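Note that the protein sequences, when read in sequence, are chains P and W. In terms of this note's numbering, the first sequence is residues 1 to 141. In terms of this note's numbering, the second sequence is residues 1 to 498.
Any given hint could turn out to be false.
Unchecked claim - With a cut-off of at most 20 Å between alpha-carbon atoms, the simulated EDC-like pairs for lysine to aspartate or glutamate come out as follows: (1) LYS50/W / ASP311/W; (2) LYS236/W / GLU135/P; (3) LYS77/W / ASP289/W; (4) LYS285/W / ASP445/W; (5) LYS236/W / ASP90/P; (6) LYS236/W / ASP122/P; (7) LYS77/W / GLU395/W; (8) LYS49/P / GLU135/P; (9) LYS285/W / GLU116/P; (10) LYS236/W / ASP119/P; (11) LYS305/W / ASP261/W; (12) LYS251/W / ASP261/W; (13) LYS285/W / ASP89/P; (14) LYS285/W / ASP311/W; (15) LYS236/W / ASP89/P; (16) LYS199/W / ASP152/W; (17) LYS99/W / GLU395/W; (18) LYS210/W / ASP152/W; (19) LYS285/W / ASP90/P; (20) LYS199/W / ASP242/W; (21) LYS49/P / GLU116/P; (22) LYS285/W / ASP31/P; (23) LYS285/W / ASP261/W; (24) LYS251/W / ASP207/W; (25) LYS62/P / GLU135/P; (26) LYS251/W / ASP263/W; (27) LYS285/W / GLU259/W.
Just so you know, these hints were derived from the structure itself, not from any lab. Quick caveat: nothing in here was measured; it's all calculated off a predicted structure.
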Amino acid sequence: MHRRPVLLALCAVTAAPWRAVAQDGPIRLRDLYNHDLSFSDLALAHEGKRLSIAGFMAPPLKADSQFYVLTKMPMAVCPFCEPGQAWPDDILAVYERRIVTVFPFNVPIVTRGILELGDHVDPDLGFYSRVRIVEAVTDRA
Amino acid sequence: MQKFLLSTAAVLGLTSFAAAQDLAQAENAWFKAGQATIAARLAVQPNTNKARNVILFTADGNGVGTNYAIRLFEGQKLGGLGDDHVQPQEAFPYAALVKTYSTNGQTPDSAPTAAAMNSGVKTKNDLINMPDSVAVGDCAAGLATSMTLFSDIATQLGKSVGVVSTARITHATPAAVYARTVNRDWEDNSSIPEGCAQKDIAAQLFDAMKAGTIDLALGGGRQHFLPETVTDSEGKPGKRTDGRNITEEVKALGGQYVENDVDFMALTLGNNAPILGLFEPSHMKYEQDRSGEPSLAQMTEAAIKSLQSNDNGFYLMVEAGRVDHANHAGNLHRTLVDGVAFNDAIRKALELTSAEDTLIIVTADHEHAISFNGYCGRGSAITGLCMEINEAGVEHTGTPETAADGKPYTVAGYLNGAGSVLVEQADGSFSGTRPADLTNEIAMDPDYLQQALIPMTSETHSGEDVMVFAQGPWAHLFGGTIEQNVIFHVMNYAVNAQ
Numbered sequence: 001m002h003r004r005p006v007l008l009a010l011c012a013v014t015a016a017p018w019r020a021v022a023q024d025g026p027i028r029l030r031d032l033y034n035h036d037l038s039f040s041d042l043a044l045a046h047e048g049k050r051l052s053i054a055g056f057m058a059p060p061l062k063a064d065s066q067f068y069v070l071t072k073m074p075m076a077v078c079p080f081c082e083p084g085q086a087w088p089d090d091i092l093a094v095y096e097r098r099i100v101t102v103f104p105f106n107v108p109i110v111t112r113g114i115l116e117l118g119d120h121v122d123p124d125l126g127f128y129s130r131v132r133i134v135e136a137v138t139d140r141a
Numbered sequence: 001m002q003k004f005l006l007s008t009a010a011v012l013g014l015t016s017f018a019a020a021q022d023l024a025q026a027e028n029a030w031f032k033a034g035q036a037t038i039a040a041r042l043a044v045q046p047n048t049n050k051a052r053n054v055i056l057f058t059a060d061g062n063g064v065g066t067n068y069a070i071r072l073f074e075g076q077k078l079g080g081l082g083d084d085h086v087q088p089q090e091a092f093p094y095a096a097l098v099k100t101y102s103t104n105g106q107t108p109d110s111a112p113t114a115a116a117m118n119s120g121v122k123t124k125n126d127l128i129n130m131p132d133s134v135a136v137g138d139c140a141a142g143l144a145t146s147m148t149l150f151s152d153i154a155t156q157l158g159k160s161v162g163v164v165s166t167a168r169i170t171h172a173t174p175a176a177v178y179a180r181t182v183n184r185d186w187e188d189n190s191s192i193p194e195g196c197a198q199k200d201i202a203a204q205l206f207d208a209m210k211a212g213t214i215d216l217a218l219g220g221g222r223q224h225f226l227p228e229t230v231t232d233s234e235g236k237p238g239k240r241t242d243g244r245n246i247t248e249e250v251k252a253l254g255g256q257y258v259e260n261d262v263d264f265m266a267l268t269l270g271n272n273a274p275i276l277g278l279f280e281p282s283h284m285k286y287e288q289d290r291s292g293e294p295s296l297a298q299m300t301e302a303a304i305k306s307l308q309s310n311d312n313g314f315y316l317m318v319e320a321g322r323v324d325h326a327n328h329a330g331n332l333h334r335t336l337v338d339g340v341a342f343n344d345a346i347r348k349a350l351e352l353t354s355a356e357d358t359l360i361i362v363t364a365d366h367e368h369a370i371s372f373n374g375y376c377g378r379g380s381a382i383t384g385l386c387m388e389i390n391e392a393g394v395e396h397t398g399t400p401e402t403a404a405d406g407k408p409y410t411v412a413g414y415l416n417g418a419g420s421v422l423v424e425q426a427d428g429s430f431s432g433t434r435p436a437d438l439t440n441e442i443a444m445d446p447d448y449l450q451q452a453l454i455p456m457t458s459e460t461h462s463g464e465d466v467m468v469f470a471q472g473p474w475a476h477l478f479g480g481t482i483e484q485n486v487i488f489h490v491m492n493y494a495v496n497a498q
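Isolated chain P, as found in the complex:
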């Protein structure tokens, strides 16, 4: 009997971030996560849908690939702090429609594609990801 108001409330919660996205342009990577790195309401609401995310392109792991990693801040191998090249948790795997056009790691970019959530290991690269954008098109911000 109380289902309708609950559903309406859920719609209101999820609709608000979407309006913000539509009005303010691309979302940021951090908008996909809660503080404990669980997926945010916005991420859950957009699973399987197309959206734009701003960030930076980590140096691609392989040349002429359709895959790269989107980071929230410019991220390259740090000779002093990351000899093991340990990537942070809150990164996004991007699978492009075409071969990736490589941008320098510190140039702001926006990628637009379909949001996929859940664990995935790339069969070719062995790269583990929790969240991906597929069918993506990327350009400078």
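Position chain W against the provided structure of chain P, taking the given hints into account.
Chain W only, in chain P's frame:
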């Protein structure tokens, strides 16, 4: 008694001197505060007790400039203008400037700097507790040498020893408390060249725990303690190729091992059994992003409460390891949030110990290529834009200063790093221009990278001085401008003083 009389005479002398001057500005608040500072300094008496406990706080990469930025950030966070804020260590009675260069590096890394503090001698970049006669990576030469560390000295005096870091516990600064290595990157056995008999850093931590020279170790770096065939509680595999699961080995010693904040809070403290906490596969999270892990202050509290059960006292090294990493990233916001977490840890140590018997030293290993613009009005957010000075008042006008290109600029920047305004072009050359649309809101975003000049993938350390602040037994041995290895010698004198 003689000291007391001298001190009293000095204070009385100051009072009569000030009165005799009858200066027009004598009632000015700054003047009075200056007088109060002199009176306080005259009242300071050297503490010549033998140090029961020594706590060495190191914020990695927190040189004079970074420390200044943390001061403003914390002060502004508390609602003030920032520059007049006093961080806990800045209220200590003794301080000195510290020269951080290594024997072959005008710019040091964290290995020789931490080694200087723990062994009493300077050495080469990338070496930890090895003499500089050894070449980096020279396994045989390293095995032929020996150094006694401050943790060994503390153990010989019957004290307990702990090491706490938000970096990997095998990273250079914490490693220097217990390890000796010809290459700082040999954190697990997979990094050691074939045929080299030197033990990796994680294995050396286990040996130290087994020998009783390390009683507690809390930090990150789980991957170096687990075999590659074993995954941790986060599903991440270890890196060891020798099959050793050092976390299980510590438990087999009767020790406690934890991986998250919930189990950490349930640790039994002070039962004299080894404690190992490894809260991340690699470094712990930045304070800005922390989740599921204890804070540096919580780890410091647990360490002190555990080590205090030893009547002979303890030596504890606490590192805010990620101040350095956020500086490397060119991300001032996270640098400063971790700096505040460092201050919280110092405040916790001050609360749990007494200056009568505990020497507390607060320092850094090195500085970064951080730099500061002018002429900013007071209250300009340290991570934000440099605002015009208000000629009719105190706080800035709210109007950003602009450079010759007509664009605003931030208070702080970096000389090099990922935030470089020079960007690689398609032909491989570098060129660029500063963005025109920079606002205070954009600059103060937690993910913003301050503008830098020279393009680099990672911002660098610098050779600029760091501070050392101290209170407690023999803290008065710090003064002037000193070499970094002197820190060891003050600690050593303080625990052995007769």
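Now for the hints, and whether the structure bears them out:
1. LYS50/W / ASP311/W: Answer holds: LYS50/W to ASP311/W is near 14 Å, not above 20 Å.
2. LYS236/W / GLU135/P: violated, 28 Å
3. LYS77/W / ASP289/W: Given pair LYS77/W, ASP289/W holds - Cα atoms ~18 Å apart, limit 20 Å.
4. LYS285/W / ASP445/W: holds, 18 Å
5. LYS236/W / ASP90/P: holds, 15 Å
6. LYS236/W / ASP122/P: holds, 16 Å
7. LYS77/W / GLU395/W: Answer holds: LYS77/W to GLU395/W is near 16 Å, not above 20 Å.
8. LYS49/P / GLU135/P: Cα-Cα ~11 Å, so holds.
9. LYS285/W / GLU116/P: Distance of about 25 Å is beyond 20 Å: violated.
10. LYS236/W / ASP119/P: holds, 13 Å
11. LYS305/W / ASP261/W: holds, 17 Å
12. LYS251/W / ASP261/W: Since the Cα atoms of LYS251/W and ASP261/W sit roughly 18 Å apart, the hinted pair holds (cutoff 20 Å).
13. LYS285/W / ASP89/P: Holds - the C-alpha atoms of ASP89/P and LYS285/W are around 10 Å apart, at most 20 Å.
14. LYS285/W / ASP311/W: violated, 34 Å
15. LYS236/W / ASP89/P: Between LYS236/W and ASP89/P the Cα gap is close to 11 Å, so the pair holds against 20 Å.
16. LYS199/W / ASP152/W: It holds: about 18 Å lies between the C-alpha atoms, which stays within 20 Å.
17. LYS99/W / GLU395/W: violated, 35 Å
18. LYS210/W / ASP152/W: Since the Cα atoms of LYS210/W and ASP152/W sit roughly 13 Å apart, the hinted pair holds (cutoff 20 Å).
19. LYS285/W / ASP90/P: holds, 11 Å
20. LYS199/W / ASP242/W: Measuring from Cα to Cα gives roughly 12 Å; hence the hint holds.
21. LYS49/P / GLU116/P: holds, 8 Å
22. LYS285/W / ASP31/P: The hint holds at about 18 Å.
23. LYS285/W / ASP261/W: holds, 12 Å
24. LYS251/W / ASP207/W: holds, 13 Å
25. LYS62/P / GLU135/P: At roughly 18 Å apart (the allowed maximum being 20 Å), GLU135/P and LYS62/P satisfy the hint.
26. LYS251/W / ASP263/W: At roughly 14 Å apart (the allowed maximum being 20 Å), ASP263/W and LYS251/W satisfy the hint.
27. LYS285/W / GLU259/W: holds, 13 Å
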